[in-house]
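Combine the two chains into a complex, taking the hints into account.
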Amino acid sequence: MKYVDEFRDPQLIEKAAAEIRRLAHPERRYRIMEVCGGHTHAIYRFGLQDLLPENLELIHGPGCPVCVLPMGRVDDGLKLAQNPQVTLTAFGDMMRVPGQMGSPLELKAKGADIRMVYSPLDALKLAEKNPDRQVVFFAIGFETTTPSTALTVLRAQKMGIENFTVFSNHVNIIPAMRAILDSPEIGLDGFIGPGHVSTVIGAAPYEAIAREYGRPVVVSGFEPLDLLQSLVMLLRQLNQGRAEVEIQYERAVWEGNRAAQAVMAQVFELRPTFEWRGLGFIADSALKLRPAFAAWDAEVRFGVAGVRDTEPGAAQCGEVLRGLLKPPQCQLFGKACTPEHPLGALMVSSEGACAAYYNYHRGPVAAED
Amino acid sequence: MSKTTSIRFKDTQIELAHGAGGKASRRLIEGLIAPILGNPALNDAALLSLDTSSLAFTTDSFVVRPLRFPGGSIGELAVNGTVNDLAVSGARPLALLSSLILEAGLAVETLQAELEAMQAAAQRAGVAVLGGDTKVVEHGRADGLYISTSGIGQVDSRVALSAKAVRPGDQILLSGPIGDHGITVLLARGELDLEADLKSDTRSVWPLVEALIEAAAPGLRWMRDPTRGGVATALNELARETRLALRLDEEAIPVREAVRGACEILGLDPLHIANEGQFIAIVSSEFAETALEAVQRSPGGQEAVLVGEVLEKPGGVVYTTNGYGSSRVVDMLVGDPLPRIC
Numbered sequence: 056m057k058y059v060d061e062f063r064d065p066q067l068i069e070k071a072a073a074e075i076r077r078l079a080h081p082e083r084r085y086r087i088m089e090v091c092g093g094h095t096h097a098i099y100r101f102g103l104q105d106l107l108p109e110n111l112e113l114i115h116g117p118g119c120p121v122c123v124l125p126m127g128r129v130d131d132g133l134k135l136a137q138n139p140q141v142t143l144t145a146f147g148d149m150m151r152v153p154g155q156m157g158s159p160l161e162l163k164a165k166g167a168d169i170r171m172v173y174s175p176l177d178a179l180k181l182a183e184k185n186p187d188r189q190v191v192f193f194a195i196g197f198e199t200t201t202p203s204t205a206l207t208v209l210r211a212q213k214m215g216i217e218n219f220t221v222f223s224n225h226v227n228i229i230p231a232m233r234a235i236l237d238s239p240e241i242g243l244d245g246f247i248g249p250g251h252v253s254t255v256i257g258a259a260p261y262e263a264i265a266r267e268y269g270r271p272v273v274v275s276g277f278e279p280l281d282l283l284q285s286l287v288m289l290l291r292q293l294n295q296g297r298a299e300v301e302i303q304y305e306r307a308v309w310e311g312n313r314a315a316q317a318v319m320a321q322v323f324e325l326r327p328t329f330e331w332r333g334l335g336f337i338a339d340s341a342l343k344l345r346p347a348f349a350a351w352d353a354e355v356r357f358g359v360a361g362v363r364d365t366e367p368g369a370a371q372c373g374e375v376l377r378g379l380l381k382p383p384q385c386q387l388f389g390k391a392c393t394p395e396h397p398l399g400a401l402m403v404s405s406e407g408a409c410a411a412y413y414n415y416h417r418g419p420v421a422a423e424d
Numbered sequence: 009m010s011k012t013t014s015i016r017f018k019d020t021q022i023e024l025a026h027g028a029g030g031k032a033s034r035r036l037i038e039g040l041i042a043p044i045l046g047n048p049a050l051n052d053a054a055l056l057s058l059d060t061s062s063l064a065f066t067t068d069s070f071v072v073r074p075l076r077f078p079g080g081s082i083g084e085l086a087v088n089g090t091v092n093d094l095a096v097s098g099a100r101p102l103a104l105l106s107s108l109i110l111e112a113g114l115a116v117e118t119l120q121a122e123l124e125a126m127q128a129a130a131q132r133a134g135v136a137v138l139g140g141d142t143k144v145v146e147h148g149r150a151d152g153l154y155i156s157t158s159g160i161g162q163v164d165s166r167v168a169l170s171a172k173a174v175r176p177g178d179q180i181l182l183s184g185p186i187g188d189h190g191i192t193v194l195l196a197r198g199e200l201d202l203e204a205d206l207k208s209d210t211r212s213v214w215p216l217v218e219a220l221i222e223a224a225a226p227g228l229r230w231m232r233d234p235t236r237g238g239v240a241t242a243l244n245e246l247a248r249e250t251r252l253a254l255r256l257d258e259e260a261i262p263v264r265e266a267v268r269g270a271c272e273i274l275g276l277d278p279l280h281i282a283n284e285g286q287f288i289a290i291v292s293s294e295f296a297e298t299a300l301e302a303v304q305r306s307p308g309g310q311e312a313v314l315v316g317e318v319l320e321k322p323g324g325v326v327y328t329t330n331g332y333g334s335s336r337v338v339d340m341l342v343g344d345p346l347p348r349i350c
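These protein sequences, in sequence, are chains A and B.
Here the first sequence is numbered in my numbering, starting from 56 and rising by one per residue.
Here the second sequence is numbered in my numbering, starting from 9 and rising by one per residue.
Source of the hints: derived by calculation from the structure; they are not laboratory data.
Each hint should be verified, as a subset may be incorrect.
As the list claims (entries may be wrong) - From chain A, some residues computed to sit far from chain B (all C-beta separations above 10 Å):
#	residue
1	GLU109
2	GLN212
3	GLY215
4	GLN295
5	ALA307
6	GLN316
7	VAL355
Stated by the list, open to error - Between beta-carbon pairs, the in silico distance windows are:
#	chain 1	residue 1	chain 2	residue 2	range
8	A	GLU183	B	GLU249	45 to 53 Å
9	B	SER170	A	PRO383	29 to 37 Å
10	B	ALA128	A	ALA347	56 to 64 Å
11	A	ARG210	B	SER14	48 to 56 Å
As the list claims (entries may be wrong) - Cβ-to-Cβ under 10 Å is the rule here; a few derived chain A residues that face chain B:
#	residue
12	ALA72
13	LEU103
14	LEU106
15	PRO394
Where a beta carbon is used, it is the ideal one built from N, C-alpha and C, also for glycine.
Bound conformation, chain B alone (with noise of 0.2 Å):
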């Protein structure tokens, strides 16, 4: 990180003042976060040209615990995840604004991890963090960290998106393994006594849905990243709007063999649990095949399979069927069995 060598700021830990907009504010922001977001002037606004009728715009926080997991970060997470937001809309990602709340007694160290890790996503991802605000609230009254995101992005023209548009016979894309992200943070908090060889999934998944655009833009009905809640919850919802029914093979959805043990143990379904790299696709069935090697043909994507289809009735279902012969409803998850993970 080159920006890194432009880091004036000394101070170890965060305190009230930095949040209080005087000097220690200005320290913080010229001295830590604008020269590794990159922007030497964060200003209250950003100012964007664009070439194009069509935009999407999405909000998202992140108040993961811990911090740090095993293949990503509360600052890599969201970057990826509005990103995700604006590619799984057909929106090609262009920029963010990102809100930052720290805690008095914040190590600056960590802050400085985290800004870093927001960087690098954002360079991968192919964004640029063009502004934002930070707040410092009282030692005891946060977590240590809480980021806020907003993204815009360009909607590819070919696409038009909408649960409206999908139609009895679709085919269902998933574009990976799940559960990885959800069961990582979950076993990263060190409260179960499991150990799992695991990563995040965190990751931009635009290159994917570029790819499958590229391919099959007439076929592209509907798409989603199924973060928190997991496939099941994202499904019900395009489900519930549609009112058409929703099959799934249970066979094929791809979950690896360390989440389904971990599942297994815990009592939880991998279709409740969070990703934050992968999502889910409706294509016609014409075009189902031609987007499914697409998204196998691009990086990352080797693993993606077509796990359902759309059917007519009962309406407003998700669910399964299995090698055996018989069937179980698939429900959006209620409450919340899983800590904060996203």
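One chain only, chain A, in its complex shape (with noise of 0.2 Å):
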């Protein structure tokens, strides 16, 4: 697959992680955030980790779109499936994540009417089929995915249609990338930025983060040459004392998507609080619709429990997503969470830390007997 491989050529990885364990300086530590759940699930998938040197710590970040969605909200949108009217369509990775009454996949099983979709048009499509059922999408996601629920809702604008709502998830990752430093128990280096969410806002918003925290911000690929060329200009600015933004994922990162910054500030505007699961309240961190596409948006249209749950038992979800343990640090992990009977939403989404870590590593393979 050309423009894939040559990004996993296995004598340009190989030098990369020779670099890396050059401009490692023995005597330091070095912690770096992948903020994003698409770098740790590559970072797992393609055992990197194997690569690195012992002092070169990789903290798994929030930038999961399931993994950071409080319970409270997914019971909120379980109980929307509760209206014998409503049909709950939700992405895949949404489909497992457990609430306090179930997942929707268990809530579908007992005969809620829930269906898997591929994008926010699909939802649409279905509303426009059955316009005796309301439609309800479960919108989740950063400015990656934003931007096309947006755009859905400016179509069901367009062609009239009223059975289509929105329960609005969305959120923003600088907010979130701040929460984190402004824990300072979690103690970081530097941030491996997210390739996908820059290719809509660029990478000028990290400018505001590397100036103020003094942490360097480089812009990765997802392939393991992109993450470890990444790691590579990441460890050059630490021990250069530099705290730059600076892009690796080059051949798609510019200014960002004006276009789709521009749907998303027409349809959306900032909560002026919203929780996070394992960072709690962090404030203009989420989007809800504006007013005029109240039409659209099943908060207004159906009202929103507002449950708030606290997290099952003995799950550490939130130290994991703040990077104060690691995946098998949990007590949980793998005994009475696992990718089949998950506990919380990390072991749930591929790119959660603990479904990539259970999935693809669970310890060096030879160690593990």
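Given below as structure tokens:
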């Protein structure tokens, strides 16, 4: 596959890994957070941690949409699905996320009309085909997915489809990065910046983070060579005492996608505050539909219960999400909580740190016996 | 299809009465099913003469949607799936029974096409459909057509396949590229707005298995056709049963460009994708090259490869290694990210 294979070339990967080992000063520790769940997944899938020196630690960040969704919002969504008029639609990732009353998949098995869609436009089509049903789209995701939800709302407006609404859980990445930097116990040296989000927002929004917190940010692609090159760039900055924003993912990220930014701004506005799993309430971190689009806002049409849940029992999702614990250090990891029977969302999504760790790693292979 | 000339069934769609056991049922069986599947008197039980001490007996059900997809259809799958379950047990497929569950409202044209697909696949695989059963359920209670087939085969006396026979040092042989079927069906549903020039790999693997047995029977330990859950699931079952490690060479695993591309876009692992015309064989290292050559020489076996080896440790784990010296665990598929595909 051209354009992928060259970023998985064993010789180039080995060369980049050797450069990382050379740059990592043995007397210091490097704690780097990969913000994006796609990066977490790639790191485990390609076994990159095997190639890194022991004093370079990768901390898995909050950039996994279903992972940071608090359980209360899952339950709010499921309450909507209990309305007999409602067809709840969601991405496949959402279907197995446990809420207090079970996961969407479990509720579906009991008869609720919950369907998996591949894009919000599919949900809109479903509404068009079933005018007697109230189709609600359970919208999740960062700036990568928000534009497609916004476009779908604009299309619903244009087509005059009234039985379609959006339950918005869209969030923004920058406030989450700030919240993490404001928690002193996490102690990060720098960030591998999210590649896909940055194709939409560009790299400029990270400038303030680099400046105010003195932490370098390198926006990275998703292939093994991308991630290793980004680590090389971060180590160079750290060794030289620089804290700048650099773009490794140059083939995709420039100034961002102005058209996508415009539709987001047209349809959505900031919520004063929003709860994140593991990070608590963060001001100005999430989006709701603007009053002009209230007709397509599920929270306006149906009202939302506003369920507040505590995390299940002994699960330590919050600590893992903030990088304080590695997935296997959670006392439930691989025992009470597995991809088959997830207790927390991090074990559900393929981008969740726990699922990625469980599926691909579980300790150096040779040591597991 | 010469048999189709004797079709006397004139109805255009399936009604509940066709499953009620009365005259309409009789017309359906005698007028359509029996003429196509080639058995003039489908009875409640089929009689079959066998000269063997060891039989393989298996059953499988097929609920694929859409019913037809590039490279195959539910009727063809229903025959090949059961034939392959027999083949990987080291048994020459002999005969099948088939049960049809029809949804009222199904176009007879569709049913006829699937019966013909079954007959053609059975002919290619060298098995007879000896009998079966037909039921009709109300409209909306099924998805057009479900097929269940049971098959019987004669175990080749030269092989003794068992997970217990697998030893460290054995080699893992894969008959060809993986993921074609699962990705083809996924794309055929038309929900993803993705298109690729790809077709299902559905076929009987018996000719390849037969060549393998002829050439390397003493070294043949275990076989499996990696259908739902893919190669990852089949090998994990073996790893768990044997408490041995299975190491795959990531770069040796054959995957077509279109399948790799679709998997990249959809975030799927080709090792988890279903196949309907491939098998995995564990072969002792001394017979590995002979076995590979025998499969490669058979028509349709050119793309067979040795993809890995059995190791003692870490017990119970399937993992891949790659060209830059790192490894990853390959677990069974959890949940069902894909719609029904077989």
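To see whether the hints hold, each was checked on the structure:
1. Look at A/GLU109: its CB is around 15 Å from the nearest CB on chain B, clear of 10 Å, so calling it non-interface holds up.
2. The beta carbon of A/GLN212 is kept farther than 10 Å from every beta carbon of chain B, the shortest such distance being approximately 23 Å.
3. Once the 10 Å rule is applied to beta carbons, A/GLY215 is consistent with being away from chain B; the minimum gap is 24 Å.
4. The beta carbon of A/GLN295 is kept farther than 10 Å from every beta carbon of chain B, the shortest such distance being approximately 27 Å.
5. Under the 10 Å C-beta cut-off, the non-interface status given to A/ALA307 relative to chain B holds; the minimum distance is some 15 Å.
6. Against the 10 Å criterion, A/GLN316 stays outside the reach of chain B, whose nearest CB is about 24 Å from its own CB.
7. The Cβ of A/VAL355 sits about 30 Å from the closest Cβ of chain B, beyond the 10 Å cut-off, so the non-interface label holds.
8. A hinted range of 45 to 53 Å for the beta carbons of A/GLU183 and B/GLU249 is consistent with their spacing of about 50 Å.
9. Between B/SER170 and A/PRO383 the C-beta distance comes to about 35 Å, which sits within the given range of 29 to 37 Å.
10. Checked against the hint of 56 to 64 Å, the C-beta distance between B/ALA128 and A/ALA347 comes to roughly 60 Å, which is consistent with it.
11. Here the CB-CB span from A/ARG210 to B/SER14 is close to 54 Å, well matched to the stated 48 to 56 Å.
12. A distance limit of 10 Å between C-beta atoms decides the matter here; for A/ALA72 the minimum to chain B is near 7 Å, and the interface restraint holds.
13. Using the Cβ-Cβ criterion of 10 Å, the hint placing A/LEU103 at the interface with chain B is satisfied: the shortest such distance is roughly 7 Å.
14. A hinted interface residue such as A/LEU106 counts as satisfied when its beta carbon comes closer than 10 Å to some beta carbon of chain B; here the least separation is about 6 Å, so the hint holds.
15. Among the interface hints, the one on A/PRO394 holds; its C-beta lies about 4 Å from the nearest C-beta in chain B, closer than the 10 Å criterion.
The structure shown violates none of the earlier numbered hints.
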